[in-house]
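Whole structure, please, built from the sequences with the hints as guidance.
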Amino acid sequence: MGGYGDVQMIDENGLRVDGRGPADLRPVSIETGVIPVADGSARVTWGSNHAVAAVYGPMEAHPRKIQRQDRAVLDVRYNMAPFSTTDRMRPGFNRRSREISKVTADALESVVLLEMYPRSKIRIEIEILTAEAGTRCVGLTAASVALAHAGIPMTDMVVSVASGKINDVVVCDLNKEEDNYGEADLPMGILPNTGELVFLQMDGDLSPAEFQEAWDYNMEAALVVHQIMVDALKGGDA
Amino acid sequence: MSVSNDADGPRDNGRASLLVAPGDDLGVSEGHEAGHGVLMMDGRLRATKHGRVNEKGGEVAIEPFRTAYIPRPSDMVIGYVEGCTNNIWFIDIGAPFNAILPMSLGPGKAAFGGTRSILDIGEAVLCRVQEVEETHSSVVTMKGLGLRKIRSGNIEQVDPHLLGRLIGKGGKALSQLKEDTGCRIIVADNGRVWVDGEFDSIITVRDRLQAMSDDAKSTGVDA
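Residue numbers (my numbering), protein chains in the order written: chain A, 1 to 238; chain B, 239 to 461.
Since the hints were derived computationally from the structure, they do not count as laboratory data.
Heads up, none of these hints are tricks.
Now the stretches of chain B that chain A is said to cover, found in silico as 3 or more residues with beta-carbon under 8 Å:
| hint | stretch |
| --- | --- |
| 1 | 283 to 290 |
| 2 | 330 to 338 |
Keeping only pairs whose Cα atoms sit at most 30 Å apart, straight-line, the calculated DSS-like set for lysine-lysine is:
| hint | chain 1 | residue 1 | chain 2 | residue 2 |
| --- | --- | --- | --- | --- |
| 3 | B | Lys294 | A | Lys234 |
| 4 | B | Lys407 | B | Lys294 |
| 5 | B | Lys410 | B | Lys387 |
| 6 | B | Lys387 | B | Lys416 |
| 7 | B | Lys407 | A | Lys234 |
| 8 | A | Lys121 | A | Lys234 |
All C-beta atoms, glycine included, are put in the ideal place defined by N, C-alpha and C.
The following block contains the structure:
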């Protein structure tokens with residue numbers, strides 16, 4: 001949130017800078033099996049965001065101190081490629097990627113049946129190839145599809161969508177300009193079959209009514225994205 | 239939602255081999271048992287894996303497209319030696335955990351510290367799972383008929399859930415494959431297949447296994 005509230009990003013017809021209405025998602029497409037050597041993989045294209053997720057395992061957890069006697073551990077690594085942004089990203093782990101890896105693992109832990117693989121590890125690699133706002137949502141969605149593709153048992157797939165506020169209007173799925181100059185951002189991780197929430201962050205301020213509106217947008221968008229995820233699994237290379 | 243949430247769910251829609259994704263609703267649980275890849279939650283059945291629904295004798299199960307091998311006692315497996323200590327070998331059997339092969343269950347006796355002179359790292363062995371603990375740690379043995387170090391041939395890998403298809407009813411498909419190619423073939427329960435014979439025949443077997451895996455994974459074909 002850059003906080004530049006005076007930057008006009010919604011025209012008189014209520015359309016946003018990229019021509020979308022407030023409730024519209026960017027185009028989303030998902031492909032499975034993009035990394036043959038991985039046990040499961042998925043590529044998600046969401047607007048100009050491109051994310052690839054690969055799942056390896058369950059495998060023996062090393063070092064042994066990370067093993068849990070009663071369940072598996074998720075080892076999530078979220079990384080943005082140096083060329084993914086207009087300013088070159090410094091390669092390697094940083095505070096932001098560490099935070100996103102952590103919240104992604106926390107969200108996925110609530111759906112993966114970890115107790116079926118005690119003392120083992122499931123490795124999830126998320127690589128952002130092109131970034132255009134909302135990469136944590138795209139990464140989490142890609143990881144969900146890759147886990148399902150790898151045959152890891154889950155109670156549901158996590159769909160992650162963000163809504164936010166620009167020029168005092170609540171809109172769904174912020175793009176780069178809206179993310180940079182908007183007033184608030186509300187990414188959520190949703191289990192579409194039950195409507196449960198496994199991940200929520202908020203950046204900026206929203207009134208209770210605005211929060212509810214953003215919530216509703218996310219819930220509706222999650223159903224749309226979930227359908228695309230299911231179609232990719234059922235009609236993809238499987 | 240990809241599947242209907244009515245009382246019967248999509249299971250009874252007359253589609254014998256419905257494709258499902260994790261979280262998909264499979265209808266009411268009453269009168270049914272939850273099989274592989276299915277959970278009973280709030281009186282309903284729910285898929286936990288990506289695969290095809292299979293209903294047999296009141297049990298609803300998912301035939302998954304991908305599975306990890308989970309060892310069970312008495313499984314015959316092909317493993318690779320991953321490491322060793324003075325009196326134990328660690329065997330990679332393709333499961334989430336390495337199995338251990340104690341010297342007492344190994345192929346021969348060696349002096350304390352001489353494990354590598356009998357089985358070295360990287361070598362393949364045909365062994366049997368003797369014991370699986372609650373925490374999935376397993377012990378394998380090489381004491382038994384036909385269990386040995388593998389010195390020749392080639393080892394291929396297929397998904398463990400496809401072994402039934404590879405072997406066929408009463409071993410018919412496997413016998414046919416052996417007859418067609420003249421190869422010696424051993425199918426281990428962890429999805430590893432040992433093939434020995436003429437070079438061209440090994441290639442033929444490898445192609446057949448690959449074709450079978452591709453066929454099973456292509457959505458909409460039998461599987």
